[in-house]
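If you read the protein sequences in the order shown, they are chains P and H.
Taking my numbering, I'd label the letters of the first sequence as residues 3 to 109.
Taking my numbering, I'd label the letters of the second sequence as residues 4 to 123.
If you are wondering where the hints come from, they were derived from the structure by calculation, not from laboratory data.
The structure displayed is predicted, hence computed values, not measured ones.
Where a beta carbon is used, it is the ideal one built from N, C-alpha and C, also for glycine.
Be a bit skeptical, because a hint or two may be false.
[Said to hold, decoys possible] Here are the simulated DSSO-like pairs of lysine-lysine, each with C-alpha atoms no more than 27 Å apart in a straight line:
1) K109/P <-> K46/H
2) K44/P <-> K109/P
3) K44/P <-> K57/H
4) K52/P <-> K105/P
5) K81/H <-> K52/P
6) K105/P <-> K81/H
7) K47/P <-> K81/H
8) K109/P <-> K70/H
9) K70/H <-> K46/H
[Said to hold, decoys possible] Quick look at which bits of chain P chain H covers, simulated, 3 or more residues with Cβ under 8 Å:
10) 27 to 34
11) 46 to 59
[Claimed, not checked] Just the calculated beta-carbon pair ranges, DEER-fashion:
12) F85/P <-> S107/H: 35 to 41 Å
13) Y96/P <-> G11/H: 31 to 37 Å
14) D105/H <-> D3/P: 41 to 47 Å
15) R63/P <-> T63/H: 25 to 31 Å
16) K47/P <-> D34/H: 21 to 27 Å
17) V17/P <-> R22/H: 43 to 49 Å
18) T24/P <-> S107/H: 39 to 45 Å
19) L118/H <-> K47/P: 16 to 22 Å
20) G70/P <-> P17/H: 27 to 33 Å
21) V17/P <-> L14/H: 26 to 32 Å
22) G70/P <-> D105/H: 20 to 26 Å
23) Y96/P <-> R22/H: 21 to 27 Å
24) T71/P <-> R22/H: 35 to 41 Å
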Amino acid sequence: DIQMTQSPSTLSASVGDRVTITCRASQSISSWLAWFQQIPGKAPKLLIYKASSLESGVPSRFSGSGSGTEFTLTISSLQPDDFATYYCQQYTGYPLTFGGGTKVEIK
Amino acid sequence: EVQLVESGGGLVQPGGSLRLSCAASGFTLSDHYMDWVRQAPVKGLEWVARSRNKPNSYTTEYAASVKGRFTISRDDSKNSLFLQMNSLETEDTAVYYCVRSDSSGYVRYWGQGTLVTVSS
Numbered sequence: 003d004i005q006m007t008q009s010p011s012t013l014s015a016s017v018g019d020r021v022t023i024t025c026r027a028s029q030s031i032s033s034w035l036a037w038f039q040q041i042p043g044k045a046p047k048l049l050i051y052k053a054s055s056l057e058s059g060v061p062s063r064f065s066g067s068g069s070g071t072e073f074t075l076t077i078s079s080l081q082p083d084d085f086a087t088y089y090c091q092q093y094t095g096y097p098l099t100f101g102g103g104t105k106v107e108i109k
Numbered sequence: 004e005v006q007l008v009e010s011g012g013g014l015v016q017p018g019g020s021l022r023l024s025c026a027a028s029g030f031t032l033s034d035h036y037m038d039w040v041r042q043a044p045v046k047g048l049e050w051v052a053r054s055r056n057k058p059n060s061y062t063t064e065y066a067a068s069v070k071g072r073f074t075i076s077r078d079d080s081k082n083s084l085f086l087q088m089n090s091l092e093t094e095d096t097a098v099y100y101c102v103r104s105d106s107s108g109y110v111r112y113w114g115q116g117t118l119v120t121v122s123s
């Protein structure tokens with residue numbers, strides 16, 4: 003199985019901060035990576051697919067980069083709605099696997 | 004608008020069975036890959052099972068943790084996806100999400116989830 007490791011597990015930041023979350027794969031997954039946002043009590047929401055493609059309707063302050071085994075999700079200017087948990091997912095093979103999540107908290 | 008509405012969750016004893024349903028609307032079910040993804044309380048996300056679309060003969064995939072116990076199926080005429088869960092274990096306790104995936108593999112749309120609790 004491909005293991006997905008996210009860092010940090012928790013991040014404290016303020017409104018307006020630039021935030022970067024890292025996701026590492028245990029083997030190369032090319033660009034077959036997606037990012038999701040989950041607000042407590044809600045279902046996850048797709049933000050980014052194919053490592054850097056922005057899902058329709060997602061604000062442009064979200065961006066993704068990387069390929070192979072190392073990927074990043076960047077929020078250019080953190081907004082109040084962005085305090086949530088973020089997950090990466092690889093989809094190069096089965097089983098599909100998710101990272102453990104990064105919780106973005108208010109500083 | 005894509006909508007996915009799960010039902011069928013509840014409390015079941017270890018060793019018991021439960022069948023989850025997902026009512027899909029806003030798209031043609033047979034055109035799309037459909038999955039179940041679960042999330043144990045205060046835990047991360049775990050992919051459970053996949054049903055490929057009609058062009059891919061509705062073939063299925065399962066996570067090792069559920070293979071042989073869970074069965075994913077669909078009824079395209081009723082726009083419904085199902086998850087038959089047998090021999091349930093306490094570790095199966097989770098919110099189960101019905102999801103529609105892109106044919107390249109990523110999860111695109113999520114239902115609101117249904118809670119399954121396995122406990123004596």
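Structure-based check of all given hints:
1. K109/P <-> K46/H: 23 Å, holds
2. K44/P <-> K109/P: 22 Å, holds
3. K44/P <-> K57/H: Distance of about 30 Å is beyond 27 Å: violated.
4. K52/P <-> K105/P: At roughly 22 Å apart (the allowed maximum being 27 Å), K105/P and K52/P satisfy the hint.
5. K81/H <-> K52/P: 32 Å, violated
6. K105/P <-> K81/H: Violated, because 38 Å separates the two Cα atoms, which is more than 27 Å.
7. K47/P <-> K81/H: This hinted pair holds, its Cα atoms lying about 26 Å apart.
8. K109/P <-> K70/H: 43 Å, violated
9. K70/H <-> K46/H: 21 Å, holds
10. 27 to 34: Violated - the stretch 27 to 34 of chain P has 1 residues with a Cβ nearer than 8 Å to chain H, which falls short of three.
11. 46 to 59: Answer holds; 6 residues pass the 8 Å Cβ test.
12. F85/P <-> S107/H: 35 to 41 Å: Violated, since F85/P and S107/H (Cβ atoms, about 30 Å apart) do not stay within the stated range.
13. Y96/P <-> G11/H: 31 to 37 Å: 25 Å Cβ-Cβ, so the 31 to 37 Å window is violated.
14. D105/H <-> D3/P: 41 to 47 Å: About 21 Å separates the Cβ atoms of D105/H and D3/P, which means 41 to 47 Å is violated.
15. R63/P <-> T63/H: 25 to 31 Å: Since the Cβ atoms of R63/P and T63/H sit about 38 Å apart, the hinted range of 25 to 31 Å is violated.
16. K47/P <-> D34/H: 21 to 27 Å: 22 Å, holds
17. V17/P <-> R22/H: 43 to 49 Å: 45 Å, holds
18. T24/P <-> S107/H: 39 to 45 Å: Violated: the Cβ-Cβ distance is about 23 Å, outside 39 to 45 Å.
19. L118/H <-> K47/P: 16 to 22 Å: Cβ of L118/H to Cβ of K47/P: about 19 Å, so the range 16 to 22 Å holds.
20. G70/P <-> P17/H: 27 to 33 Å: 42 Å, violated
21. V17/P <-> L14/H: 26 to 32 Å: 41 Å, violated
22. G70/P <-> D105/H: 20 to 26 Å: 21 Å, holds
23. Y96/P <-> R22/H: 21 to 27 Å: Given about 23 Å between the Cβ atoms, the range holds.
24. T71/P <-> R22/H: 35 to 41 Å: 39 Å, holds
Hints 3, 5, 6, 8, 10, 12, 13, 14, 15, 18, 20, 21 from the earlier list are contradicted by this structure; the remaining hints agree with it.
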